[in-house]
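Given these sequences and hints, build the entire structure.
Number of protein chains: 2
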Amino acid sequence: MAWTLDLDDLHDLARGAALLGTGGGGDPHVGRLLVAEAIREHGPLTILDPEELDDDVLIIPTAQMGAPTVVAEKLPAGTEGSRALTTLEEHLGRTAFATMPIECGGVNSMIPLQLAAVRGLPVVDADGMGRAFPELQMETFSVYGVSGSPLAIAGEAGEKAVIDTGADNKRMEDFARALTVQLGGVAHIAEYAMSGAEVKRVAVPRTLSLALGVGRAIRTAREANEDPLHRLAQFLGTTPYAHLRHLFTGKVVDVERNTDGAFVRGAARISGSRPGSSAAGELRIGFQNENLRAEADGELLAVVPDLICILEADSAEPITTEGLRYGQRVKVIGISTPAMMRTQEALAVFGPQAFGLHDEFTAVESLGGSIVGED
Amino acid sequence: MAWTLDLDDLHDLARGAALLGTGGGGDPHVGRLLVAEAIREHGPLTILDPEELDDDVLIIPTAQMGAPTVVAEKLPAGTEGSRALTTLEEHLGRTAFATMPIECGGVNSMIPLQLAAVRGLPVVDADGMGRAFPELQMETFSVYGVSGSPLAIAGEAGEKAVIDTGADNKRMEDFARALTVQLGGVAHIAEYAMSGAEVKRVAVPRTLSLALGVGRAIRTAREANEDPLHRLAQFLGTTPYAHLRHLFTGKVVDVERNTDGAFVRGAARISGSRPGSSAAGELRIGFQNENLRAEADGELLAVVPDLICILEADSAEPITTEGLRYGQRVKVIGISTPAMMRTQEALAVFGPQAFGLHDEFTAVESLGGSIVGED
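As given, the protein sequences belong to chains W and V, one line each in that order.
Quick note: the first sequence uses the UniProt record's numbering, first residue 1, plus one each step.
Quick note: the second sequence uses the UniProt record's numbering, first residue 1, plus one each step.
Note that these hints are calculated values from the structure, not bench results.
Among the clues, some could well be false.
Given that identical chains are not distinguished, each listed pair holds provided it fits within a single copy or across any two copies.
What the hints assert, rightly or not - In silico SDA-like links for lysine to any residue, alpha-carbon gap of 20 Å or less:
no. : residue 1 : residue 2
1   : LYS170    : GLY158
2   : LYS170    : ALA157
3   : LYS251    : ARG269
4   : LYS170    : GLU156
5   : LYS170    : GLY185
6   : LYS200    : PRO50
7   : LYS170    : VAL181
8   : LYS200    : THR46
9   : LYS200    : GLU345
Structure below.
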C-alpha cells in the first residue's frame, strides 16, 4: 500500500539510512536538509509499495555519486538530481512514472526524495543495494539482469552526459567515476531505468520502510529509556533483515583512512570485549567507503554483504566512517541481509571476493556474534 | 565547386596531412588504409566546397581523439566513427547532411573520409584547426562561438556517451579526455554540430584541398627531380598559407618524449645550420603532440599557431614527433597560417600562451627564416 512520508519522519529515516549505510553511503543528514526544504515547499511525498506498480510503468532510479568525504564538503545545489533525471528522460523519449533509490543506506536514501518532492513524483519503496555499496554495478538490478545503461550524469554547473556501455555495468561505473572526478568529486546520476515488472523482480523491496523502522526503533527506545538494540532486534525480526548480532563493545583506538578521489579505504581498531565476555580483545573493521569485514582477535564475526554497523555505545546513533574518532565508545553490530542479496550471483558482484577479501561469505547468524537479549 | 576524391589521391592527401600535422595529429597513413578500403567498397567521395552549402543544412564534424603514440598502436575497427556520428544524430533528432574534419593535419584528415564513404555522406572541404592541435577547444569553431556540445564519443566495444558542458568547450575536452583514457587511450567523436551558415563563418576553408595540394607538390617535385621545397612554396603562395620559410637544415641529435596517457610532450634538438649560413648551430623544437616552437641558438624562428614541420632532408617527407630518431637528416620549415587563425580571439585559444609558452605570437614571415629560392 502507498503511504505518505512527511517532515516528521525525516529524522528517523535519516538515522535508519545512516545505520544501513554501514559506515558509508555519505551522510544522510545533509540530504535530509534538502528533503525537508523540498517537502516544506512542495508538500509530503507519496511512497509506492513495489507490489502495487503496474508492470509497464517506467521507473528511473536516481542517486548521487562520489567519495563520502567529498560529498560531505559539497552540498548539492538541489537541481542536479532533477537534471540527471530529465537528461535520461529526454534520451529515452519517455518520462518516469516514479523514481527509486539505488541505495537505501546513506545520503542516497534522500536524494531521490528531494527530486521527487520538487518534481511531484512518487518514490518506490525499494532499492538496488539493500544497504550502501561503493560502486554502481553492485546493485541487485545488475545482479538480476537489468542494464544500468544508458546512465545520465549531471554536475552543478549544468554539465551533463549520457553514457551507454551496453550490458557492461562495471564499465558504466568506470566511465561515470571518471566523469565524477572531472566534476570535482560529486555528481548526480539517473540509471537502471526499468519497468514496474522489473522492479518487482530485481529490487530489494521496502527498504525505505526498513530505514524508517530502524530509525524509529532507536529513537523510541531512547525516549522510553530502553536498550535501543533490543527494540532494533525486535523490529528487524519482522523484516527480511531478521538477524541482529551484537559483535563487540569498546573504544576506538585507531582509524586509518585514505581517499584517492573516488573511494575512502582504511580500517578501524576497537579495543574492548565481546558481549558476555570479560576478556580484553580487539575488533578490526576494514572498509572501502562501507564497513566490509569485522574480525575479533582472528575470528571473523561478519562480512559483506551482511551489515556491519558501528553505533555510539549509549545512544545507538550510527557512526559513519568519516565520523570515526579516537576514543569514541561504541557498540558494533552485524545484521543479516535478505536471501536475494546472498545468492551466488549476488555474492559474485558484492560478496567478499568482489572487494578483494579472501573470506568465503558466511552468514552473520552462523558466526560468533551474540543474540541481543542473550548477551 | 564539389569535387571527387578517389583512391589515387589518398597518398598525396596523407602526405599533405602529415605535413599539416606539424609533427602530431596521429599518423595519417593508418587512416589512409581505412579510407582506401572504404572507397574500394563504396566508391569515391564527394567533397563539397563550404561556399556551396545551403545555410540551414546540418554539418557534423567527426574525429578520433587520443595520444598519437597510442593511436599508432591501435587500429580502429572502422565502425567507431560512424557510431559516434549516429549517437549524436540520435541525440539531436536530426541526420547530418555532411561530415567535416575538425583537424586537417594527421589522422583526422582521414577519419571523416572513412565514415563518409561507409555512410554515403559528402565531406565538407574545411576544418576547425587549419592544422593539428592537441585539444578539442582549440578549434576555430570554438574561437568564433560555436558550441562543441553535445559531443558524442564511441569506443571499440560499442561503448558510447553524449557529453554536454554548455558553452564551455574546454570542460567538454576534459570530460571527453577522461572517457578516452577509460576507453584505452583512443576514442571516436562527433562534435560541434553546426549549420551550413556557421561552417562558412567559423571553419578554415579548403583545407582538404590544401593537404592534397601539399602532398602533390612534394610528389611531383620528386618525380621531376626538383627541390620539393620550391614546388611547395609555389603551391602555398596560391593559398591563405602563403608564406613558407626554410628555418634550418641538420641532423637530429636528441629527442625527449613523455606520454602521460593523453598527450606526448617533449623536445627535439637538431644540429646543423641555418640556410645561407655556414656557421654550425642548433635548432630546438618543443612539442605537445604537435611542434609548438622553433628556436635557433636563442632566436625564435616560428611559434604556434604557425606551422613548424620537420621534413626528411632529401625527399621532404614529413616526420611525425613519434617518428623522430637520432641521426635523421632533416629540413625544418615554417608556414604562415590564415588571418582567421591569428586574431586575438584565436591566439587566446591556441596561441603560444595557451600552451604555457612565454612568447608573444609573431608571424613566421616576420622572423628570421629564409624565403625558399633565396636561401
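_Please list, smallest to largest, the hint numbers that this structure does not respect._
Hint check: nothing fails, all pass.
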